[in-house]
Amino acid sequence: MNFDLTDEQKKVRDMARNFTTKVIAPRAKEMDRTGEYPYDIMAQMASLGMMGIPFPKEYGGGGGDWVSMHLCIEEISRGDVSLGALLDVTTSVAGNEIYSFGTEEQKQKWLIPLAQGKEIGAFGLTEPDAGSDTAALKTTAALEGEEWVINGSKQFITNTGLDNASIIIITAKTRVEQSGRTTISTLIVPKGTPGFTLGERYEKMAFHASATHEVFFDDCRIPKGYLLGDIYEGLAQHLSVLQTGRISVAAISTGLAQACLDEALTYTTKKYQFRQSLLESQTIPFKLADIAMMIELSRTIYLKAAWLKDQGRDYTLEAHFAKLFATETAKKIASDVLNMYGLFGCLEKYPISRYFKVAKLFEIVEGTSEMQRLVIARKLLG
Amino acid sequence: MEFNLSEEQVDIQKAAREFAQGEFDPDEASDYDRNGQFPLKILKKACHLGFIGMHFPNRYGGQDLGLLENILVVEEFCRQHSGIGVALGLSDFGSEMILRFGSEDQKKRYLPPIAKGERVSSLAYMEEDQTDGFSFFSTVAIRNGDGYLINGKKIFVVNGTLPGPMIVLCQLNKARSEDQVALIVEKNGDGPVLSMMGGQIGMRMVPMVSLTYNDIKVPQGNLIGNEGEGRSQFVTFLNEMRIEAAAMGVGIAQGAFDLALTYARQRVQFGQKIASFEAIRNKLADMVTRIEMARSLTYKAAWDLDRNGGNILLNYMAKMVSAETAFEVADDAVHIFGGYGYIVENQIEHFYRDARMVNVFGESGQTQRLLIADRIIGKI
Chain C
25 MNFDLTDEQK
35 KVRDMARNFT
45 TKVIAPRAKE
55 MDRTGEYPYD
65 IMAQMASLGM
75 MGIPFPKEYG
85 GGGGDWVSMH
95 LCIEEISRGD
105 VSLGALLDVT
115 TSVAGNEIYS
125 FGTEEQKQKW
135 LIPLAQGKEI
145 GAFGLTEPDA
155 GSDTAALKTT
165 AALEGEEWVI
175 NGSKQFITNT
185 GLDNASIIII
195 TAKTRVEQSG
205 RTTISTLIVP
215 KGTPGFTLGE
225 RYEKMAFHAS
235 ATHEVFFDDC
245 RIPKGYLLGD
255 IYEGLAQHLS
265 VLQTGRISVA
275 AISTGLAQAC
285 LDEALTYTTK
295 KYQFRQSLLE
305 SQTIPFKLAD
315 IAMMIELSRT
325 IYLKAAWLKD
335 QGRDYTLEAH
345 FAKLFATETA
355 KKIASDVLNM
365 YGLFGCLEKY
375 PISRYFKVAK
385 LFEIVEGTSE
395 MQRLVIARKL
405 LG
Chain P
13 MEFNLSEEQV
23 DIQKAAREFA
33 QGEFDPDEAS
43 DYDRNGQFPL
53 KILKKACHLG
63 FIGMHFPNRY
73 GGQDLGLLEN
83 ILVVEEFCRQ
93 HSGIGVALGL
103 SDFGSEMILR
113 FGSEDQKKRY
123 LPPIAKGERV
133 SSLAYMEEDQ
143 TDGFSFFSTV
153 AIRNGDGYLI
163 NGKKIFVVNG
173 TLPGPMIVLC
183 QLNKARSEDQ
193 VALIVEKNGD
203 GPVLSMMGGQ
213 IGMRMVPMVS
223 LTYNDIKVPQ
233 GNLIGNEGEG
243 RSQFVTFLNE
253 MRIEAAAMGV
263 GIAQGAFDLA
273 LTYARQRVQF
283 GQKIASFEAI
293 RNKLADMVTR
303 IEMARSLTYK
313 AAWDLDRNGG
323 NILLNYMAKM
333 VSAETAFEVA
343 DDAVHIFGGY
353 GYIVENQIEH
363 FYRDARMVNV
373 FGESGQTQRL
383 LIADRIIGKI
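These protein sequence lines are chains C and P, in that order. Each residue of the first sequence is one higher than the one before, starting from 25 at the first, in the numbering used here. Each residue of the second sequence is one higher than the one before, starting from 13 at the first, in the numbering used here.
Just so you know, the hints here were simulated from the structure itself, not pulled from any lab data. Predicted, not measured: the structure shown is a model, and the values here were computed from it. The reader is advised that the hints may include incorrect statements.
[Claimed, not checked] Distance condition first, Cα-Cα at most 25 Å in a straight line; then the derived BS3-like pairs of lysine-lysine: (1) P:Lys165 to C:Lys295; (2) P:Lys165 to C:Lys294; (3) P:Lys199 to P:Lys165; (4) P:Lys26 to P:Lys57; (5) C:Lys81 to C:Lys142; (6) P:Lys295 to C:Lys403; (7) P:Lys295 to C:Lys228; (8) P:Lys285 to C:Lys162; (9) C:Lys373 to C:Lys311; (10) C:Lys197 to P:Lys285; (11) C:Lys311 to C:Lys295; (12) P:Lys295 to C:Lys356; (13) C:Lys248 to C:Lys162; (14) C:Lys35 to C:Lys328; (15) P:Lys312 to P:Lys26; (16) C:Lys294 to C:Lys46; (17) C:Lys373 to P:Lys165; (18) P:Lys26 to P:Lys53.
Can you make the complete structure from the sequences, with help from the hints?
Right, here's the structure in full:
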């Protein structure tokens, strides 16, 4: 056993932490208030190599590992979770899918700019009637000559509204010519393709700096070669990269929870110093102790899942544990810290109000808590 | 024991429900919420039908009813829309200080316009760095000729921007903590300096401001009761208010539950209604059970106040349980909606935000637990 980070991993974590403190944290409130996307911050993240940490250097990446990637996601999310989600969707999910299943040509064309952070990726799985039930999708792709013709829609698509979002990788029902069988395949659809349109930006409870939209495909034609991976394995491929995404959501939630604890420590020391020594009271210190413990457990389990992935071992169970535990505890932590603030915590000028509203989201996205429990239980029961 | 509501109470409840269903337009509500705007138009209609100040005597524009009737209305309003319900419920905020302790002249002057929705009352009690509950205020009132001069600062003043009487709790004599006074300040002419507190996550239709008082003159006639009674009047008011806040919690929880139940019965995933999955069924069962517990406790507290003058332990418990239930149920309700729950137009997320703020409004659960413990343990 060795729980120490390598020098390289520490370097990545410290670089991200430093960047968050200096660049992201001072802007986070304004980004969320205005909903303006921080392109300048994204450009700096790209130039620091954050978007491609785990990919080989020949594909524009940093040649690092998934542990480093997730340390980076946690630190960035400590400043702003929408930027954590930018990394999750672009790198852990979309980039990862092309890296894992793409042809050399596809990697050259799309992975390199994603890894370099010049372009941003999006991932389309959810549809109005296909939420947790991912296979219930209605979007179709029909092969006509040398082109796929896509019809349908996807919803809650993170990143897709960004100006530099280049592609969305979607699942669609396809019919295989030779066998006539219907299957689910993954396709790479470049933004700007005729027939591909974005719906209005969603009005959400929080998470305003994230470019989430519904997308529509209306006789949208892409070249035959934009099929990603095995035509029969689209759904499995798509879900397999979400496995990595789960570690990332756990890292985002850990960063968010850590930000809540940071706030709580500052605030409670200030607020309660007059009333009585913090050490003499128990209610708040005991809560803080629980919070610190839950954060450490969240961090430990997401790091274990990332480490298993780096070892090339099965990390299914750990990824689900991490996603479930880190998101549920982050929500609870945000709420508990808001309580310490009392009514002040409900004012938008205090970061805890923002943390509270956004924490709920991560219990829902990339598989609700119920889906995590379902998979864990299935794994246990065989 | 009698757990049935009276016929009159059932009628009031039904009338309030029908009014809320008919008048609280979801799109309009979202606009009020987004813009942080008080729903004045809806308040006027509610007042016209006698829903506000029904616990005031007839001669002051009320209906001579009790707290229980009042909270049945608050609950139904919050059930239909948490934001509108809370705003209407707080439109007479602090008026009970006048109702219970004011002079005949004060009651005649201030209460009828509140019941009519022409005026909205407010109560300024919170201060920055309040280190010892509400037993001492930094805001001071000095005797000045035939009246008082107020100096100090209050924060989170509910309805602070709206026209109407504002009751300000002040320290009369800094040396003795029991010397508090409640003064009515009219918001006209040279009033206190007002600044907004900034946006809030919930209760967004309720304007909350901070007010700075620099030598604000108040005539002697605007003193509620006698000098030195401010604290006990406020404690009595808080008792009533906690029960009303508890009813807001019950209504918010019920409203969020109603929507989640409807959604769970319609939404199909994996070829079945999601209401057929045990994970969802367990959640719905917990939600409805918690609501029933909160409601029972809240009604009991209100009944006790109407009949016996109130039981402080019951009040703490009712507010704590109901506000926590509201938040837990709203959380589960958003969860059942999944991603849709996070989108404003689906009308569920405001329950989550409003519930959270009602939870810390007044006292948070963590304070209430300590207050309950104080009561039951006593001196050791």
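Outcome of the hint check:
no. : hint                 : verdict
1   : P:Lys165 to C:Lys295 : holds (18 Å)
2   : P:Lys165 to C:Lys294 : holds (20 Å)
3   : P:Lys199 to P:Lys165 : holds (15 Å)
4   : P:Lys26 to P:Lys57   : holds (16 Å)
5   : C:Lys81 to C:Lys142  : holds (15 Å)
6   : P:Lys295 to C:Lys403 : holds (23 Å)
7   : P:Lys295 to C:Lys228 : holds (24 Å)
8   : P:Lys285 to C:Lys162 : holds (18 Å)
9   : C:Lys373 to C:Lys311 : holds (23 Å)
10  : C:Lys197 to P:Lys285 : holds (23 Å)
11  : C:Lys311 to C:Lys295 : holds (16 Å)
12  : P:Lys295 to C:Lys356 : holds (17 Å)
13  : C:Lys248 to C:Lys162 : holds (20 Å)
14  : C:Lys35 to C:Lys328  : holds (19 Å)
15  : P:Lys312 to P:Lys26  : holds (20 Å)
16  : C:Lys294 to C:Lys46  : holds (23 Å)
17  : C:Lys373 to P:Lys165 : holds (19 Å)
18  : P:Lys26 to P:Lys53   : holds (21 Å)
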